[in-house]
Amino acid sequence: MSQDKELEIQMQFLEEANDYLNTLEGVLLEINPSNRISPEKINAALRAAHSIKGGAGMMGFRSLSDLAHRLEDSFKVLKTRKNSLEIDTELQSLLLAAVDWLRQIVELLSEGGEVDEQWLSTFCYPVFDELHQRLGDPTPEDAATMLSPEDGQDIVPLLFETEVEGCLQRLEAVLADGEQPCLKEEVAIMAAELGGLGEMLQLSAFSQLCMSIASYIEAAEPSFVETVARSALEAWRRSQALVLTNQLESLPVKLHIEEVSFEALDHTPTVLQEVEPAPIPEVKPEFIEARVTEPEETEESWLDREIIAADFEALEAAFAEESNAQVEEPEPEPATVSSREIPTPSYNRKAEQTAASHKSETPENTVRVPSRQLEQINDLFGELIIQRNGMNLQLERLRKLIRNLNQRVQVLERENQQLRTAYDKIATQSVVPSGTPFPALAPAEPPEELPPPVLENGDGANGVDGEFDSLEMDSYNELNLLSQEVMETIVQVQEVTTDIQLSIDDTDQFARKLTKTSKQLQRKLTQIRMRPLSDIVDRFPRALRDLCVEYGKNVQLKIEGASTLIERSILEALNEPLMHLVRNAFDHGIEDPTTRRASGKNEQGLIEIKATHQGNRTIITLRDDGRGISLEKIRTRAIEMGLEPTLLAQATDEELLSLIFEPGFSTSDQVTALSGRGVGMDVVRNNLKQIRGDVKVDTKVGIGTTFTLSVPFTLSVARVLLVESNRMLLAFPTDVVSEIFLLNEEHVFPMATSEVLNWQGTMLPLVRLGRHLEFNCPRYDNPTLETPPAINASSVIIVSQGNQPVAVQVDRCWGEQEVAIRRVEGNIALPSGFSNCTILGDGRVVPLVNANEMLYWIATNERLPRTTQLPSSKLKTVFLTPAEEKQAALPGNHKGTILIVDDSINVRRFLALTLEKGGYQVEQAKDGQDALEKLQSGLKVQAVICDIEMPRIDGYGFLGRVKSNTDFKDIPIAMLTSRSSDKHRQLAMQLGARAYFSKPYNEQELLRTLDDIIFPFAGAAK
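When we follow the numbering used here, the leftmost residue of the sequence shown carries the number 5, and every step to the right adds one.
Please keep in mind that the hints were generated in silico from the structure rather than gathered at the bench. Careful, some of the hints might be misleading.
What the hints assert, rightly or not - Below, simulated DSBU-like cross-link-like pairs (lysine-lysine); rule was C-alpha separation at most 30 Å, straight line: (1) K562 with K700; (2) K987 with K967; (3) K637 with K921.
Work out the full structure, taking the sequences as your base and the hints as a guide.
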């Protein structure tokens, strides 16, 4: 075997060793509350440790094999003493530490390093020595215990039904491969393995059969290897059937085969007749020592169903790559390795079934490809999408040209009819009179006299001039011939136009098929680039367990949807955010056991991670049942860091929670290894921003906190909505756009320094995008696209921004397209609100809009007292500027407090903006019941502005209750409603309203009315 192939096999084994180590770690982390490991879990751990030991011995990794062997002995003790041995935290930590050292050795070997004996003596051996001191060695009695089945079932048929079946299926798969690259080696290894199995099960006949097969396969010439292999398979199948039917006395002891040519015919028959042990095919010395010279294994002869399987898998690792067809690589990079998946043993096989009747499915071949090559393929697919869009654009241009050509042909057709009519008239005349114009073609000036029609013969001489009358034979002149030629040319142009149209139609069909194929290719390529979420969350249980031991907390980690597939690049970007959120939930969320008991909670806290696909996005939620996030603590911390108290007093819960994602912001009182440094949560938001993701927070004090992460399904291709604003093309991802319609200025109303749009009865903030996309340098006008716009007028797109939709006005809209996403690289970062770009079919680069970030940036620039989020630019400013240097956000002469009662949060918000601009302080209530409760709880207000139609208690009910209460009857109440009829107005005034406004209202009129009408009456209520 070449050195490169051997290196590839070693690297493949080290990758598998990592999987085995993950299995060991998972078993140790799943210790039940009684500090025991279930027998199934111990078997899985034994199998994993045994596989590492055997495989490392074969690969020449002696240190790894020895340490895995010592760990395997520890699990043997755990299994045999499972009823008496309690696995406490200290023992669990020792076992996990042993797994960690094995993992470090695997990583060192994967990087091409050498394991230093001094390093092992200093760091690794003390852990294993302490583990040996704690558990000791397995005894012969332990081996007998492990050999006896726990459920009373005979172990011999069980192993032949499962493990031997798996080996035989593997051999069948190799035989089914047409090339059979390593058939001889596969049979030799299988003979050695099954022979060892026969010795441990004390089946001497079966062991002798395996020795016989080993002798045959070693001496067989290459042309007869397949014959020997098929005969060996048949013999093993027959032996398996005899064991399963309990006919051990009939087991064959040698292989019967005919017409086989050997290199050593003289001694081979003697070997077969004497049934002496034949030499086993040479394997690495390290493996021989691991399998033969170890006294513990030979003397104990312990056996476990799952451990035997590991022997076969460890041997198979060395030859798995060679059993496949080689994969051709365009470049001489030794990065691609071929391997074959191990078929799952069949548990439904009938005992009477023999090799002749057995038909097994050939497992699929797999190819290991470096992720870098996958990224290159993905980039090429993006280019394919761009070129496909370019082809569709060219087809659209051709269609447009064909339509124009058809119009021209129709004009030619009409002129052809006129020409034909004129030609027929001329053809019926024997002589064209001098000065007579053609019908419908009369020139402005008298034409020259035309010669009489002449019939020319083939020689060009006039013949039969006087033989026939003009009615008996047509005569043609040059004009007749020219007219005929033009008419025929027009017909030919029509035929060519029809042919072109048919070709365009055929090309359209091919283009549609190409689009369908490219979409299928995209799905397949996306599946290839997908990885399960478990790739990053599988290490969380271990990290959380270590935190629990270190900080004295008891926390359970529950993961649902670990198999959810996520694109590799997105998964890598999610690694740090999820880890930060888990650590944050452990430190800030979950209380210590004493606090949880005092709060009536279970001492064991819960952190739950769920992942699902919703449409074209992946949703990951991380929830804890801890103390929740204290908004008051956030507000206090923000004031300590220099943020305006007045700004914080007006902030909504969502705005306050957004502060935790700001750099340098932390609510922790002290700096620890887990928290207090103000880093971590900003990494969450920044990493998600790079992959067009977002994060939302929902918290309830004393109940817990939920973080919801939303990321796109793929980053390479997306569907976008092409729009134009201020002569600039923009691409909005369709997953953030819920609706698009024409702008009706009658539904737009001014509100303070902004505008609102009445959308389906809801007042939404209106953002005129063109006002914010300003350019400080000359630029060209955006050229018109080939296709006409879908909406060639001012339009509105409804963009989802958290729980608050926003209306964005654009100039024109071209509809949806599937485009490839391209990263913009360079020293200058993209402006706020843009992430990456796309390339249209005509080569035009269009920026991709990050809707949430753009709206956030616009709200920041508008510098409103109240926005959907606290502006990060203000936060950064106040963190760097002393508080005493800042100006107060609100005027000092407050006119009083007004309570707004309305069931629409948008109306309350925008009305609050109007009142705050007029110098009032504002309190809000969502309906009449909520307003009454606020007043009864001691809220002091100078006036109330109330809607009429509300749930629970409407405006009339609230008005009647307030006026009938002696404590509140003097509070002036103004009604603000969409009902403008006199009937509604009169009823409100009769119930005691002081003023009545109809929606939409005029801002200045409202403020003036409040000053002139309401507050003169408010003095009595103060």
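Verification of the hints:
{"no.": "1", "hint": "K562 with K700", "verdict": "holds, 20 Å"}
{"no.": "2", "hint": "K987 with K967", "verdict": "holds, 20 Å"}
{"no.": "3", "hint": "K637 with K921", "verdict": "holds, 29 Å"}
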